[in-house]
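Here the protein sequences line up with chains S and G, keeping their order. All residue numbers for the first sequence refer to the working numbering, where the first residue is 1 and numbers rise by one. All residue numbers for the second sequence refer to the working numbering, where the first residue is 1 and numbers rise by one.
Nothing false has been slipped in among the hints.
Straight-line distance between alpha carbons at most 16 Å, and here's what the computed EDC-like set of lysine to aspartate or glutamate pairs gives:
{"id": "1", "chain 1": "S", "residue 1": "Lys69", "chain 2": "S", "residue 2": "Glu55"}
{"id": "2", "chain 1": "S", "residue 1": "Lys443", "chain 2": "G", "residue 2": "Glu72"}
{"id": "3", "chain 1": "S", "residue 1": "Lys125", "chain 2": "S", "residue 2": "Glu351"}
{"id": "4", "chain 1": "S", "residue 1": "Lys59", "chain 2": "S", "residue 2": "Asp33"}
{"id": "5", "chain 1": "S", "residue 1": "Lys242", "chain 2": "S", "residue 2": "Asp226"}
{"id": "6", "chain 1": "S", "residue 1": "Lys305", "chain 2": "S", "residue 2": "Glu282"}
{"id": "7", "chain 1": "S", "residue 1": "Lys443", "chain 2": "G", "residue 2": "Asp71"}
{"id": "8", "chain 1": "S", "residue 1": "Lys392", "chain 2": "S", "residue 2": "Asp376"}
{"id": "9", "chain 1": "S", "residue 1": "Lys436", "chain 2": "G", "residue 2": "Asp71"}
{"id": "10", "chain 1": "S", "residue 1": "Lys436", "chain 2": "G", "residue 2": "Glu72"}
Here are some chain G residues the structure puts well away from chain S; computed CB gaps all over 10 Å:
{"id": "11", "residue": "Phe65"}
{"id": "12", "residue": "Thr143"}
{"id": "13", "residue": "Ile194"}
It is worth saying that the hints were derived from the structure and are not from the lab. Only a predicted model underlies this, so the values are computations on that prediction, with no experimental measurement involved. All C-beta atoms, glycine included, are put in the ideal place defined by N, C-alpha and C.
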Amino acid sequence: MRPTAPLILAAAATVLVAGSLTACGSGSRSDPDTVRVVYNRSTDNNVRFKDQFLESMKKEFEKAHPGKKIQLVPIQAPDDDYATKAQQMMRSPRTAPDLVYEDTFRINSDIEAGYLRPLDAYLAKWPAWSHFVDTAKAAAKAGDGKTYGVPDGTDTRGLWFNKRLFAKAGLPADWHPRTWADVLDAARTIKKKVPGVIPLNVFTGKAPGEVAVMQGFEMLLYGTGDNPLYDPAAKKWVAGGKGFKDALDFVRTVYGEKLGPDPSDALDANINTTVGTELLPESKLAIDLDGSWLGQFWLAKGTRKWPEWSTTLGQAPMPTQRGQAPGQVSMSGGWTWAIPQKSGNAALAWEFIQQLQQKENAVRWDVADAQIAVRDDVAADPAYLNSMPGIKFFTSLVKNTHYRPALPVYPQVSSAIGEALESVTSGDSTPAGAAKSYDDQLKSITGGAVVDRTG
Amino acid sequence: MNTGGGADTATGGRRRPVRWLPLAPATLLLLLFLAGPICYCVYIAFTNMQLTGSSHTDFVGLANFRRALSDERFRNAVWLTLVFTFVSSVVGQNTLGLALAGLMRRASRTVRTLTGALVITAWVLPEIVAAFLLYAFFRREGTLNAVLDLFHLPGQNWLFTLPILAVSFANVWRGTAFSMLIYSAALAEIPEEITEAAEVDGASGWRAVWHITLPMIRRSIGTNLMLNTLQTLSVFGLIWAMTRGGPGDRSQTLPVFMYDQAFTKSLIGYGTAVALLLLLVGSLFSVVYLRLMKVEV
Chain S
1 MRPTAPLILA AAATVLVAGS LTACGSGSRS DPDTVRVVYN RSTDNNVRFK DQFLESMKKE
61 FEKAHPGKKI QLVPIQAPDD DYATKAQQMM RSPRTAPDLV YEDTFRINSD IEAGYLRPLD
121 AYLAKWPAWS HFVDTAKAAA KAGDGKTYGV PDGTDTRGLW FNKRLFAKAG LPADWHPRTW
181 ADVLDAARTI KKKVPGVIPL NVFTGKAPGE VAVMQGFEML LYGTGDNPLY DPAAKKWVAG
241 GKGFKDALDF VRTVYGEKLG PDPSDALDAN INTTVGTELL PESKLAIDLD GSWLGQFWLA
301 KGTRKWPEWS TTLGQAPMPT QRGQAPGQVS MSGGWTWAIP QKSGNAALAW EFIQQLQQKE
361 NAVRWDVADA QIAVRDDVAA DPAYLNSMPG IKFFTSLVKN THYRPALPVY PQVSSAIGEA
421 LESVTSGDST PAGAAKSYDD QLKSITGGAV VDRTG
Chain G
1 MNTGGGADTA TGGRRRPVRW LPLAPATLLL LLFLAGPICY CVYIAFTNMQ LTGSSHTDFV
61 GLANFRRALS DERFRNAVWL TLVFTFVSSV VGQNTLGLAL AGLMRRASRT VRTLTGALVI
121 TAWVLPEIVA AFLLYAFFRR EGTLNAVLDL FHLPGQNWLF TLPILAVSFA NVWRGTAFSM
181 LIYSAALAEI PEEITEAAEV DGASGWRAVW HITLPMIRRS IGTNLMLNTL QTLSVFGLIW
241 AMTRGGPGDR SQTLPVFMYD QAFTKSLIGY GTAVALLLLL VGSLFSVVYL RLMKVEV
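Just chain S, with the same shape it has in the complex:
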């Protein structure tokens, strides 16, 4: 056996490795009467808004189109894994769905990969498209000027705070921090006066994925100055940015001074669900830098019924670093419905998008999922405006909101930011060290297309 053993072992190891890389689901070509719809199901088994909404849309659609079928294909996974799975499915005509729910920050990357097909021919003939606001229309537009997705809502971000805990700490119920220092001071006061409570949550680390990068880091970064991540004039990414280090330093302060959740909890992939369903409703968290959609957890049909939230919680805009104009910052994103290039059934899939976006359905969806409307007719609808306390506040943030650089490499940049956050939060590296290693990664990700703002 001896001479051949290394070969056999090498072969065995190769098979293991190869197997793990090529494992793919198999599926058969869909039939022309069925629309396969892929979407992300919440990892929390109690959150089923999307499933219920799509289920009712499916019924309505099948009734209106006899003989046609909607096949819902939920993928229950954290967002990063959902994207990977959807991308793998779209690679091959055998597995490509007919309709896919895409985060706007990934859509350009998938367009570049040739996974999606342009919808301009359909949109031109669709009256409802004129109701969509321009920023939303731009979200799914590629470098080639074509539009590849129909957005169904957006979101904004700000500070949520618990007025009862604030009262105990002697802080005002109409809290309105002007600078980062104000936010940290309030957190320190809480830590001193209300022990046993987490003063401030800022999402961080690798495991929560884009949740940490966008709700956490970029809410800080975009408060440090203009275009801190990407320079649109130079068409280059920003390396050696001072704002980048300052934002990391803020995170280091939060976790170093133990103002945030325990790092081992903060670095858990499900922290955003924990915050929404446990920490906030149980008054274990005083300030939360989070999104406009939190109310969906606590509505009558939500996961965690909590009728008192509208009186217990207050909202404040996230301030810029030193209070520089415009004084507040917000980030926006949102999801779109897109049709894969390899779909065998695009026309019928488009029919289903239209059905989802009939005005009353669009209102229903934005209300159910606590979305900020992207259509003027929906935004003016009383059902939308009265759907949730705080919706006016979060809609008001839209004027100062930022969208992430919608470029194909953004998901990789985002992943590198997650690593910088993680190493600072766990104490493995200093903000300067983490920023340096981000710069190195950025250069390799973008093939050197960076402007260096060091010094």
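Based on these hints, arrange chain G on the given structure of chain S.
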């Protein structure tokens, strides 16, 4: 591989294709489903294929490999892989398996059955179930801290403070049964007379183990080490479920690093190149073990 026997050559080469015929379907399937993907993988490792962000794939030569070797995080992953393999496989599973097998030979039948059943249960459990059991054992509100608390010892979040040791322990817990079974079989093969003769000559205890038992099961030790090592090198689910390679990169072994690059960062080409390098590490280990065995023969 068949160099041909005398009988074959006597009847001429005509019968040979016929003899291969029954094997043809199997060979074809092997080529299609085994060799095919492997060759494809090797090809991908030399390209810049991405899961998203780029529609075209170019041949980039050795760029992925150069990138890996100059990547600090790759080197970190190699180092952690070596630590993980050495601690959990070479030291943990191997030694513990041998000790268990030795002790069980002298134990009563009941003890033997019970221990065997327990150890093998850990082995039979699906990887992901074992991972969650050990996650529950090590986490902050977990069993280990509860036990420590009984003795008034301070607890901590082991998965956060000592992640690589926690996952190594998990692998020992899960994989020891395999070594134990191999060594039980090997020890049972040692003829009674030899052990008795050694005792008559006055060799007992550790001396007998060192001079008689270990040399006699040398081949089993080599085989076991090799299989253990290769298995441990490719452990992924256990680490992914327990720590996801974190916190930071502190438990990111090569398979986790590979997954991260290929599927989280969408760099399929680079991830595959890392997989091939992992393969290289595996073959290096195998060669070392084979050499060691050969020298002692």
